[in-house]
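Peer 1: One letter stands for each residue in the lines below.
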Amino acid sequence: KAGVTQTPRYLIKTRGQQVTLSCSPISGHRSVSWYQQTPGQGLQFLFEYFSETQRNKGNFPGRFSGRQFSNSRSEMNVSTLELGDSALYLCASSPDHPEGYTFGSGTRLTVV
Amino acid sequence: DQQVKQNSPSLSVQEGRISILNCDYTNSMFDYFLWYKKYPAEGPTFLISISSIKDKNEDGRFTVFLNKSAKHLSLHIVPSQPGDSAVYFCAAKTSYDKVIFGPGTSLSVIP
Chain A
1 KAGVTQTPRY
11 LIKTRGQQVT
21 LSCSPISGHR
31 SVSWYQQTPG
41 QGLQFLFEYF
51 SETQRNKGNF
61 PGRFSGRQFS
71 NSRSEMNVST
81 LELGDSALYL
91 CASSPDHPEG
101 YTFGSGTRLT
111 VV
Chain B
1 DQQVKQNSPS
11 LSVQEGRISI
21 LNCDYTNSMF
31 DYFLWYKKYP
41 AEGPTFLISI
51 SSIKDKNEDG
61 RFTVFLNKSA
71 KHLSLHIVPS
81 QPGDSAVYFC
91 AAKTSYDKVI
101 FGPGTSLSVI
111 P
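Protein chains in written order, with the numbering used here: chain A, 1 to 112; chain B, 1 to 111.
It is possible that part of the hints are untrue.
[What the hints assert, rightly or not] Taking lysine-lysine pairs in the BS3-like style, the calculated list, with each CA pair at most 30 Å apart, reads:
1) B:71 to B:56
2) B:5 to B:54
3) B:68 to B:56
4) B:56 to B:5
5) B:56 to B:98
6) A:57 to B:5
7) B:5 to B:71
8) B:68 to A:57
9) B:68 to B:5
10) B:54 to B:68
11) B:5 to B:98
12) A:57 to B:71
13) A:13 to B:98
14) B:71 to B:54
15) B:56 to A:13
16) B:68 to B:98
17) B:98 to A:57
18) B:71 to B:98
For the record, the hints were derived by calculation from the structure and aren't laboratory data.
Next comes chain A alone, as it looks inside the complex (with noise of 0.2 Å):
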């Protein structure tokens, strides 16, 4: 079966813009989180969304946010980018348990 797609795989913007990252999870699958990867922090976790309801939440600013359609596909967006935004940005779904967890590659952004 087809894995977790993540669309961009790379992005290259400028500071104060906005992004929008897409991740398509396994079929079947209800429950997306995403992850902020960077050197030495760890996956640091953004929030998860189950049934197009957003479950859980990290500590990040506002200017991260989410969403998910009735298909399961997720959707991150990052408004007035900052430099220290730049990382890996990782989703995973599951049927609803971890040992489910199924990863994608990531969308590396870069923020110049």
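Start from chain A and add chain B according to the hints.
Peer 2: Using the frame of chain A, we list chain B on its own:
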């Protein structure tokens, strides 16, 4: 406030020897622990997990030990192979809450 800690950023082990990766946590409400492995340019992949009601779980060359009183868990890889070279993330969660990851330990298995 890091609830899941991996105090060794890197570890080097000879092929065939045992690799021991350590993880400490602060939240006593965690009831499920996981290890993920990540290769460069790929997303993390699930390796092994353990419920808080157990103190050991084994899957082939991988064994996870949990010491709840010390809030400590460890991943043992025996024997270590060059293909095991990757970043290993320890993670923990409470029921239906978010999964919290540690900062990772980069393992290098030297042939």
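Peer 1: Each hint: holds or not?
Peer 2: Evaluation of the provided hints:
{"no.": "1", "hint": "B:71 to B:56", "verdict": "holds (14 Å)"}
{"no.": "2", "hint": "B:5 to B:54", "verdict": "holds (20 Å)"}
{"no.": "3", "hint": "B:68 to B:56", "verdict": "holds (11 Å)"}
{"no.": "4", "hint": "B:56 to B:5", "verdict": "holds (20 Å)"}
{"no.": "5", "hint": "B:56 to B:98", "verdict": "holds (23 Å)"}
{"no.": "6", "hint": "A:57 to B:5", "verdict": "holds (20 Å)"}
{"no.": "7", "hint": "B:5 to B:71", "verdict": "holds (11 Å)"}
{"no.": "8", "hint": "B:68 to A:57", "verdict": "holds (26 Å)"}
{"no.": "9", "hint": "B:68 to B:5", "verdict": "holds (15 Å)"}
{"no.": "10", "hint": "B:54 to B:68", "verdict": "holds (9 Å)"}
{"no.": "11", "hint": "B:5 to B:98", "verdict": "holds (16 Å)"}
{"no.": "12", "hint": "A:57 to B:71", "verdict": "holds (25 Å)"}
{"no.": "13", "hint": "A:13 to B:98", "verdict": "holds (29 Å)"}
{"no.": "14", "hint": "B:71 to B:54", "verdict": "holds (13 Å)"}
{"no.": "15", "hint": "B:56 to A:13", "verdict": "violated (46 Å)"}
{"no.": "16", "hint": "B:68 to B:98", "verdict": "holds (20 Å)"}
{"no.": "17", "hint": "B:98 to A:57", "verdict": "holds (8 Å)"}
{"no.": "18", "hint": "B:71 to B:98", "verdict": "holds (19 Å)"}
The earlier numbered hint that this structure contradicts is number 15, and it is the only one.
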